[in-house]
Structure formats: C-alpha cells, structure tokens
Amino acid sequence: MNDRRYPEAAADRFEPPPIAFTDREGREVEIRAYDGSEGTDEALVSMYTAFDPSDRAQGIPPGGEKRVREWLEAILTDDCLNVVAWCGDEVAGHATLVPDGDAYELAIFVHQTYQEAGVGTRLISGLLGHGQAEGVEKVWLTVERWNRAAVSLYEKIGFETSNAESFELEMALRLNESEDEE
Amino acid sequence: MKVLCGIGGSDDSLRALERTVDRAAVAGDELTVAVVENPDSDAAVEEVTRRAEEAIRDAGIDAEIRRVEGDPGSQLVDIAEREGFDEIVLGGGQTSPMGKITIGPIAEFVLLNSMTSVTLVR
Numbered sequence: 001m002n003d004r005r006y007p008e009a010a011a012d013r014f015e016p017p018p019i020a021f022t023d024r025e026g027r028e029v030e031i032r033a034y035d036g037s038e039g040t041d042e043a044l045v046s047m048y049t050a051f052d053p054s055d056r057a058q059g060i061p062p063g064g065e066k067r068v069r070e071w072l073e074a075i076l077t078d079d080c081l082n083v084v085a086w087c088g089d090e091v092a093g094h095a096t097l098v099p100d101g102d103a104y105e106l107a108i109f110v111h112q113t114y115q116e117a118g119v120g121t122r123l124i125s126g127l128l129g130h131g132q133a134e135g136v137e138k139v140w141l142t143v144e145r146w147n148r149a150a151v152s153l154y155e156k157i158g159f160e161t162s163n164a165e166s167f168e169l170e171m172a173l174r175l176n177e178s179e180d181e182e
Numbered sequence: 001m002k003v004l005c006g007i008g009g010s011d012d013s014l015r016a017l018e019r020t021v022d023r024a025a026v027a028g029d030e031l032t033v034a035v036v037e038n039p040d041s042d043a044a045v046e047e048v049t050r051r052a053e054e055a056i057r058d059a060g061i062d063a064e065i066r067r068v069e070g071d072p073g074s075q076l077v078d079i080a081e082r083e084g085f086d087e088i089v090l091g092g093g094q095t096s097p098m099g100k101i102t103i104g105p106i107a108e109f110v111l112l113n114s115m116t117s118v119t120l121v122r
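Going down the list, the sequences are from chains H and C.
UniProt numbering numbers the first residue of the first sequence as 1 and each following residue consecutively.
UniProt numbering numbers the first residue of the second sequence as 1 and each following residue consecutively.
Any given hint could be a false lead.
In silico BS3-like pairs for lysine-lysine, Cα to Cα no more than 25 Å straight-line [stated by the list, open to error]:
{"id": "1", "chain 1": "H", "residue 1": "Lys138", "chain 2": "C", "residue 2": "Lys100"}
{"id": "2", "chain 1": "H", "residue 1": "Lys66", "chain 2": "C", "residue 2": "Lys2"}
{"id": "3", "chain 1": "H", "residue 1": "Lys156", "chain 2": "C", "residue 2": "Lys2"}
{"id": "4", "chain 1": "H", "residue 1": "Lys138", "chain 2": "H", "residue 2": "Lys156"}
Hints in this document: simulated from the structure, not taken from any laboratory.
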C-alpha cells in the first residue's frame, strides 16, 4: 500500500531554525524548533482554538479545545519534528513532520492573521531545514487539490505530485539521500 | 428505512458496520450488509463476513449478508438503485499518521455516482 514515489534527487539544503525575519506586514517573526515547554504547548492550543474552521484541511486542526489538545499531544511527541513561528509570545504558525514508516508526513498551519505575509514559506523551509539536520530522508503530504496557494507553495519548495488519483493531491519530497539506495 | 451497508474489512468499515447494526436495532431498519473486496484491506472476505454475522447476532436483529464480487463502488451503487435502498452506509475514511482524514476510492466513487443518499460513518 505504501509505495509512494519520491523525486530521485534530494532537495536543496534548507536553513535550519532559528530563522528571524520581518514579514510583509512589518511584523518581527522568528521560526524556532519546538522546545517542549508548557508555555509553548499553551500558545499552540491558543492558536489552534482560534483557528478559522474554513481553513481546516481533511479534519485538522480539529474543532474545540479538548480535541485540539488530544491532537497536539499525538504530534508533539519526541519522534515527531515540530517548528513554531513566533511573533512575540504569540504563535503565528506551526509545522510538523510525523513519522510514517520510513518517511514522514508533513503538515503546516498559519493562523489567519499571519497568512499571505510570507510566514508559510519561511515556516516550511525551517521545518525542512530541521528535518534535513535530523537526517530525515523522505517527506510526503496531502493537500486538497483546489487549494492552489498551498499547492504552489509546495511546488516552489520542490515537492512533486506522487498521486493525483484521489480527492486529495499527494506530494512527495526527498530531503536527504537514502543510505540504503544508490 | 432500507439500508445497504458496504464493508470491505478496513477499520472504518467495521466501525460503520457496528453503528449501522446498532441503529437498525433501535430504528427497525431493513438492513443488508454487502461484503465487498477492498484491495486496500488485508482482511479476507470470509473473516469480514464472520464479523458481520457476529455483529448482527449480537444486536439481535435480522439482516441479510451478501457477498458482492467485482468492482465494489459501482456494484454498491447499482444494487442500491436497482433494489430501491434508501441509504448506503460506508466507513468514513482512514486517518493518516498526522490525523488527516482520507477517503478511500470506494467511498469516493459511491459519493460521486450514487443517486441514493450516502452516509459516511465517523
């Protein structure tokens, strides 16, 4: 079942976090790796409970604080890789790599207030830089095919469509050369 | 209500089976369970049939179990329309490691092609 195709060549190098920049609205934003602190967890819960349900994709983030906490608990574990975009003490966005066999599934969320300001591009680059540094080889994601903004972002980063046969488009990226393959 | 529940053995289809059987026990639905061959599921047709028999017995209802051969999606749509079912019930999709819901090809085909109302069980 899991015979996803990945690009043959590994992607370019991505800069690992921390990455500080000024977004297109003039806000100071910093991308940092998830630190596991309670303060960070609460700031993430705040962002997700305030998340516009119309920006939900395939059921995530879930609605309601209880479900948000359950979902975050599952993806903020030690075997997942998480990065957070901070604007002061506020979470502007969050991106995650969740292990799936020999690959990782990627998802990225930018709060509505911070969309269309260049945060998403920096956030996903930061996540992939973090993943590269940690030796992650293969990354895949699904995206709703009507979500052109997201699809272009993923294409710009180097993702290639690996399955276009279902509702959601599936895209894949090779971050590092595999050790077991030529 | 005359209900056709299609199951192929995936976890979400077995959840759909349980809910449909429970509902039938309360609402008095006339239930038919169609066991289809889902290429994405490892469960054998015999095993899936046994699960359906068990669920029906446990709920204390009368329901028909039917093995459906051939393309699952189109067969379900066809049976529902030909035999005047009011509703098709299917599993509501699997979740990815991330928690994203993905709808399988059978449900996708039924949703897009069925003139009968479709319920996806979550």
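Status of the hints after comparison with the structure:
no.	hint	result
1	H:Lys138 / C:Lys100	holds, 18 Å
2	H:Lys66 / C:Lys2	violated, 36 Å
3	H:Lys156 / C:Lys2	violated, 50 Å
4	H:Lys138 / H:Lys156	holds, 17 Å
Violated hints, in rising order: 2, 3; the structure is consistent with all others.
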